[in-house]
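Construct the complete structure from the given sequences, taking the supplied hints into account.
Protein chains in written order, with my numbering: chain A, 410 to 694; chain B, 410 to 694.
Check each hint, because a few of them may be wrong.
A pair counts as met if it fits within one copy or between any two copies, since identical chains are not told apart.
Stated by the list, open to error - Here are the simulated DSBU-like cross-link-like pairs (lysine-lysine), alpha carbons at most 35 Å apart as the crow flies:
(1) K693 x K525
(2) K693 x K450
(3) K627 x K692
(4) K525 x K424
(5) K692 x K502
(6) K525 x K692
(7) K693 x K502
(8) K510 x K692
(9) K693 x K424
(10) K692 x K424
Please keep in mind that the hints were generated in silico from the structure rather than gathered at the bench. Model, not experiment: these values are computed from the prediction.
2 protein chains.
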Amino acid sequence: MGRPMSRNLLGAGYKVVVHDIAPESVENAVAAGAERGESPKDVASRTDIIVTMLPDAADVEQVLMGPDGVLEGAGRGAIVIDMSSVSPIASQKFSAACEGKGVDFLDAPVSGGEPKAIDGTLAIMVGGRQEVLDQALPVLQAMGSTVTLTGPVGSGNVTKLANQIMVAGNIVAMGEALVLATRAGVDPEVVFNAVRVGLAGSTVLDAKAPMVYSRDFKPGGRISLHEKDLRNALHTAESFGVPLPFTSMAQQMMRALINTSRGDLDHSALVQFTEQLAQVEVKKG
Amino acid sequence: MGRPMSRNLLGAGYKVVVHDIAPESVENAVAAGAERGESPKDVASRTDIIVTMLPDAADVEQVLMGPDGVLEGAGRGAIVIDMSSVSPIASQKFSAACEGKGVDFLDAPVSGGEPKAIDGTLAIMVGGRQEVLDQALPVLQAMGSTVTLTGPVGSGNVTKLANQIMVAGNIVAMGEALVLATRAGVDPEVVFNAVRVGLAGSTVLDAKAPMVYSRDFKPGGRISLHEKDLRNALHTAESFGVPLPFTSMAQQMMRALINTSRGDLDHSALVQFTEQLAQVEVKKG
Numbered sequence: 410m411g412r413p414m415s416r417n418l419l420g421a422g423y424k425v426v427v428h429d430i431a432p433e434s435v436e437n438a439v440a441a442g443a444e445r446g447e448s449p450k451d452v453a454s455r456t457d458i459i460v461t462m463l464p465d466a467a468d469v470e471q472v473l474m475g476p477d478g479v480l481e482g483a484g485r486g487a488i489v490i491d492m493s494s495v496s497p498i499a500s501q502k503f504s505a506a507c508e509g510k511g512v513d514f515l516d517a518p519v520s521g522g523e524p525k526a527i528d529g530t531l532a533i534m535v536g537g538r539q540e541v542l543d544q545a546l547p548v549l550q551a552m553g554s555t556v557t558l559t560g561p562v563g564s565g566n567v568t569k570l571a572n573q574i575m576v577a578g579n580i581v582a583m584g585e586a587l588v589l590a591t592r593a594g595v596d597p598e599v600v601f602n603a604v605r606v607g608l609a610g611s612t613v614l615d616a617k618a619p620m621v622y623s624r625d626f627k628p629g630g631r632i633s634l635h636e637k638d639l640r641n642a643l644h645t646a647e648s649f650g651v652p653l654p655f656t657s658m659a660q661q662m663m664r665a666l667i668n669t670s671r672g673d674l675d676h677s678a679l680v681q682f683t684e685q686l687a688q689v690e691v692k693k694g
Numbered sequence: 410m411g412r413p414m415s416r417n418l419l420g421a422g423y424k425v426v427v428h429d430i431a432p433e434s435v436e437n438a439v440a441a442g443a444e445r446g447e448s449p450k451d452v453a454s455r456t457d458i459i460v461t462m463l464p465d466a467a468d469v470e471q472v473l474m475g476p477d478g479v480l481e482g483a484g485r486g487a488i489v490i491d492m493s494s495v496s497p498i499a500s501q502k503f504s505a506a507c508e509g510k511g512v513d514f515l516d517a518p519v520s521g522g523e524p525k526a527i528d529g530t531l532a533i534m535v536g537g538r539q540e541v542l543d544q545a546l547p548v549l550q551a552m553g554s555t556v557t558l559t560g561p562v563g564s565g566n567v568t569k570l571a572n573q574i575m576v577a578g579n580i581v582a583m584g585e586a587l588v589l590a591t592r593a594g595v596d597p598e599v600v601f602n603a604v605r606v607g608l609a610g611s612t613v614l615d616a617k618a619p620m621v622y623s624r625d626f627k628p629g630g631r632i633s634l635h636e637k638d639l640r641n642a643l644h645t646a647e648s649f650g651v652p653l654p655f656t657s658m659a660q661q662m663m664r665a666l667i668n669t670s671r672g673d674l675d676h677s678a679l680v681q682f683t684e685q686l687a688q689v690e691v692k693k694g
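Here it is, written out as structure tokens:
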């Protein structure tokens with residue numbers, strides 16, 4: 410995700426200093442016009458707005474608060490925008506650490522995946538103070554088509570977790586529906602065309618049902634990352650004493666697929682959980 | 410549903426003979442220009458195409474195969490179109506009974522609910538033979554905007570069950586997402602607006618999220634009828650040896666709400682299951 414996002418920042422005329430543990434990602438960004446940062450600390454000492462996009466909270470903690478981290482380099486008044494999808498509780502912790510150094514913090518996770526990162530049309534869900542967002546807005550608008558302030562720090566990730574629960578629901582139910590239809594002898598493509606215009610219609614159905622019955626599970630959104638989001642949703646829910654039976658079930662289904670080496674498939678491959686239970690494969694007739 | 414459907418048939422110029430166990434429904438249709446049928450048998454003896462729209466398979470069986478039923482009155486070459494949402498196994502049984510009398514049968518359940526029944530824009534999912542559908546098509550087109558032949562008898566109801574599983578998934582996950590967001594202090598209307606344009610977008614989300622955070626659960630689609638559909642999906646799945654963990658969970662959630670007198674609420678009120686677990690109410694801020 411960082412690669413297309415940095416390209417869009419360069420395209421909008423920003424000076425961009427990049428760092429990544431994968432050298433080829435840095436080379437790629439440098440070839441596109443970015444400057445090389447030696448460490449998160451080095452990047453932060455050379456920029457006013459520091460954007461992080463990482464797999465999970467442990468990575469963000471390391472990059473912000475670890476040795477040679479962002480907070481060793483960032484000047485007072487700098488803004489850290491963490492665009493990773495992490496637990497909102499982690500966002501609040503990062504914000505407090507930034508505040509201790511006079512640095513402002515926004516959590517700003519995104520929806521839309523790599524295709525919308527490339528197009529610069531991500532949906533960006535922001536948590537933080539309005540006046541901080543006002544300063545960061547042009548940078549975010551270079552990467553996304555909608556930027557929504559959802560509340561104080563952590564709210565962006567609460568909204569992202571809500572988003573991921575809904576996407577999981579739409580995928581799990583689509584999988585069970587297509588498995589039942591296939592097993593009962595109805596072509597899944599016929600089902601798709603009959604129901605997509607009605608109340609069952611969804612962005613997931615339009616984007617993912619053809620992937621399922623064409624057996625094309627190239628990601629898109631990976632099962633391993635979606636599982637992480639649901640796990641974060643369950644941890645967050647637990648901290649509020651909120652039981653989420655469906656989310657829990659969906660996370661366990663994803664976990665089972667990760668355990669059988671399917672974590673890097675698109676999350677539409679969640680249909681394989683039900684297929685395995687039913688011993689049937691959803692394929693167009 | 411029968412009332413607006415008969416009005417649309419009258420509007421398309423058909424002679425319509427009606428029967429219902431609710432006298433006010435018959436009076437209403439007669440006032441709109443229909444003829445009164447004394448029994449299903451009487452209706453069948455006066456028409457070539459007999460349409461049934463009933464709560465579940467036991468009602469259809471009574472109307473078709475019971476005393477004074479359709480099959481006592483229908484002539485050879487008549488067509489029975491059962492537009493009820495029932496188990497596909499039941500549809501196959503009704504078809505066999507019709508065949509024994511030289512009567513053709515289509516299962517043709519619908520999606521869209523009363524609003525689309527009134528507009529004549531139902532999505533109609535048909536199971537049966539192409540040449541029977543060819544004869545019945547103008548009648549169906551007077552009630553629906555899309556008429557899809559999905560396969561042999563029973564396929565219409567397989568498709569409808571698949572539809573209802575997907576709608577249930579979208580509703581259950583939306584409920585958990587909004588409960589978590591609300592409990593974590595984010596306004597559910599803000600969440601709705603932030604995510605509806607992304608991968609979480611769906612017809613359910615657009616139609617039902619505002620009902621949830623406005624606390625308006627006037628149906629629309631009733632929990633009691635949706636529960637029946639999921640129960641039929643589970644029976645059908647069981648007949649094929651297909652486990653459907655999500656569908657089973659959703660059916661049980663709906664059953665719990667029926668047990669606490671909420672079966673007549675719109676199915677978006679399924680959010681109340683999670684609200685009760687979490688002791689929180691989803692309301693806009």
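Now for the hints, and whether the structure bears them out:
Taking the shortest alpha-carbon separations for K693 and K525, both the intra-copy value of 28 Å and the inter-copy value of 29 Å come in at or below 35 Å. In this homomeric assembly, K693 and K450 never come within 35 Å of each other (Cα to Cα): the closest approach is 52 Å inside a single copy and 42 Å across copies. Within a single copy, K627 and K692 get their C-alpha atoms as close as 16 Å, which meets the 35 Å cut-off; across copies the closest is 39 Å, which misses it. Taking CA atoms no more than 35 Å apart as the test, K525 paired with K424 passes inside one copy only; the shortest distance there is 22 Å, against 54 Å between copies.
Only between protomers do K692 and K502 lie at most 35 Å apart by alpha-carbon distance; the minimum there is 28 Å, versus 46 Å within a single protomer. In the homo-oligomer, the alpha carbons of K525 and K692 lie at most 35 Å apart both inside one protomer (28 Å) and across protomers (31 Å), since each shortest distance falls under that limit. Taking the shortest Cα distances, K693 and K502 sit within 35 Å of each other only across copies (27 Å), while inside one copy they are farther apart (48 Å). For the identical chains of this complex, K510 and K692 are neighbours neither inside a copy (56 Å) nor across copies (37 Å), given an alpha-carbon limit of 35 Å.
In this assembly of identical chains, the alpha carbons of K693 and K424 never lie at most 35 Å apart, being 49 Å within a copy and 41 Å across copies at closest. Proximity of K692 and K424 under a CA criterion of 35 Å is satisfied in neither setting, with 48 Å inside one chain copy and 43 Å between copies.
Checked against the numbered hints above, the structure breaks hints 2, 8, 9, 10 and satisfies the rest.
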